[in-house]
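S.K.: Based on the provided sequences and hints, a complete structural model is requested.
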Amino acid sequence: MLSRVADDLFWVARYVERGIAVSRLVDVTRHLELDAGTEDFWAPLVGAIDLAGDDVRFYLTSDTMNPDSLVSCVRAARTLSRGIREAMSSEMWEELNSLYGSLATPTIARPRGEAISFARLVREQLQSFQGLAESTLARDEPWHFLELGKFVERADDVARVLNRQSHLLAAGSHTKDPTGPDVVRWLAVLRTCGSAEAYARYYSLRVEPARLVEFLLLNPIFPQSVRFSLTGACLSLDAIAALRTAAGNEPGPAVRTLGRARAQVELTAIDEVFERGLEGFLSNIQQLIAQASEELSATYLRDEPVPGRLVGVARATMIMAAQQQQQ
Amino acid sequence: MTAGSRASVLPSYVPGEFWDEMFEAPGQVRPHYAELARRLTTLSSADVQKRQRAADLSFQAQGITFSVNQDPSGPEKTMPFDLVPRIVMAEEWKRIERGLEQRVRALNLFLHDIYHEQRILRTELIPAELVLGARGYRREFRTVDVPLGVYTHVVGSDLVRDGRGTWFVLEDNLRVPSGVSYVVENRRVLKRVWPQIFTDYRVRPVEGYPQDLLEVLRAVGPGSDDPTVVLLTPGVHNSAFFEHAFLAKSMGIDLVQGSDLFVDDAAVYMRTTRGRRRVDVIYRRVDDDFLDPLAFRADSLLGVPGLLATCRMGRVTIANAIGTGLADDKAIYAYVPTIIKYYLGEDEILPNVKTYVADDPTDRAYILEHIAELVVKSVNESGGYGMLIGPHAPKKDLDAYRTRVRDDPRGYIAQPTLALSRHPTWSVDHLEGRHVDLRPFILFGRDVKVTPGGLTRVALRSGSLVVNSSQGGGAKDTWVLEAEPC
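Chains as they are written, first to last, in my numbering: chain P, 6 to 332; chain L, 18 to 503.
No lab work stands behind these hints, which were simulated from the structure alone. All values derive from a computational prediction rather than experimental measurement. Don't take each hint at face value.
[Said to hold, decoys possible] Straight line, CA to CA, 25 Å or less: simulated SDA-like cross-link-like pairs of lysine to any residue: (1) L:K266 / P:S103; (2) L:K266 / P:E139; (3) L:K266 / L:G196; (4) L:K266 / P:S94; (5) L:K466 / L:P239; (6) L:K67 / P:E96; (7) L:K94 / P:N102.
M.R.: So this is what it looks like as structure tokens:
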């Protein structure tokens, strides 16, 4: 498979997943606003931007200057897909293309009052795209690059949402039950990650921050959790790396970096996470994901010469020599 | 056909003074169109409009679009599709097929000769400076042998009919002709939105084109029995990108851009996720000028450095070969009947349109004097650009073209304004005559194969003679019949 095509597939999947995440955010912020009427509830969800009310919605849904707005995500995914339509099924392409076509219609593109239904509509079609990938693609390289993009994006999105809330937990307040507004806030976090129902089933809706963080970060079987996502990403990357190894080439450093991120969420218990500091833990995960993404591009997508076995062995030899001198 | 059965959507159809593909005379349908006309009588205009909308939506949803003027930010358009198919009789098609095959074989012999011995230039038949001075001539390719002696693996020649229904070749496109994806897609869409009309006819399928093309490309690999074939595209911003993707997907080959390829040790490789992979045959949809920044335009980002040298060594096949533009130069076109006679010893089966070559002093004088009656064309441009239609042009354009022809005689030719044939075409709520041409596609590998049909382009504006999609042209499905209807 062409490296460029693999790169584009990876990013199509990321934009589609990001679009889904953004559409949930639109949904949640609007609900929060109608419930409580206080902006500072959802400001942390959106990130640090100086906007309010409809302007936030516009920023999240239709602002073409915002690279992460719904419209931007759909446009980016569709533009990339157009160049690699031979690598996906016609159904997948047509789903994305018709979604893009409907966004180009001015009445839909400016959904001031209709943000929720607009976001839902877009989300459904993006999810339908993922469903079509699932049912129309053979499990070979294109599929694995799509999976990799989807899961890397999801792990990153969820880690980011949690990280933005971690300041609430500062000063050890997470040990006691939250009161009043915080419940709303934590529920919003769950909804933003599309996890409210699953959490309710799991814990009968006792919204405790520690449980919630454990659920979103460490749950092994819920597909929106960081752990599940990193496991999925690693499985696909392993499959891709195996093909490359079979062709006599180095699998590259991304396999190790992503594996390290996965090990963090697989082998750490929730109390250890808080012991080490949630913010630091999440930042570390996000940083490893970013690094793996960069290494992935270098190895598979740009085919740059990366420090492979020769460099690795040479460097190991130098380190050994240095250590012997010290002794 | 009796007056009583006249089509409801054809209530007052006027064939006009042109050759009408469907009507012999007002109210009198040509025999091979009789069944189609009968179908049309059963339809209301609302019904046709409904099917038309279904067809338009289908093109839109599939993203069968082109961008105009290669403007990346500009809107993407679908090529307007007209529901009423054009029908070509089996016998008529056989003659066209033979004529096209003859032409393509002769042009390939000509190309081989020019890039080798140049025998024809030692005769008085064609001026040597016209050939060697052609912009499409690539002296870098002198003495280079191409597999099977084939230079033009894919040809799209433009055919037109005059007022008496005679078929002419208007031009040969020997470089990177496009449009074949529309041949296949128009058929698919018409079958979907109006399957009923197919039941009365035995129409030869066009679906096999991509497989035929793949066979040609595999036949010209440099040595290998199982060559790796790729399609080289300039990228998504190219107006024909849909077609590139369509063909690559149908053939199951990689659609590559220049940056996906590199040359190492006189071999071309593509960058894949598993490492480098050798490429044997490149079906390129990139013009000569942009293929190799080391050899041609240094500013080209679309090409592959070193590709030309690798090709010269016979280590990769480029289809169509480099330098074929020589033979579709519009001034050389005037000599194609001579070329056929010289190489094959035959008379041309499909005639040329009378052409005045401005480089020739006598012809030039004629052009300057009669410019208002002529179509003047730049020899190197296509797509309906660089063209003057004398009878429709304002005086200042006529003067401008007179100056151009005087200043650069090698750059221009002129032809009489053709009374292109017309075909009933849907216009809002009824049928009207619109001018059409036909671009068949000819494949040349071990054999010559003409795809049965081709792209019928139609000038949708009333009275317009310009069929190019970039200038308001549309398309029709083109049916070549297996046998004449009884």
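S.K.: I'd like to know which numbered hints this structure contradicts. Please list them from smallest to largest.
M.R.: No numbers; nothing is violated.
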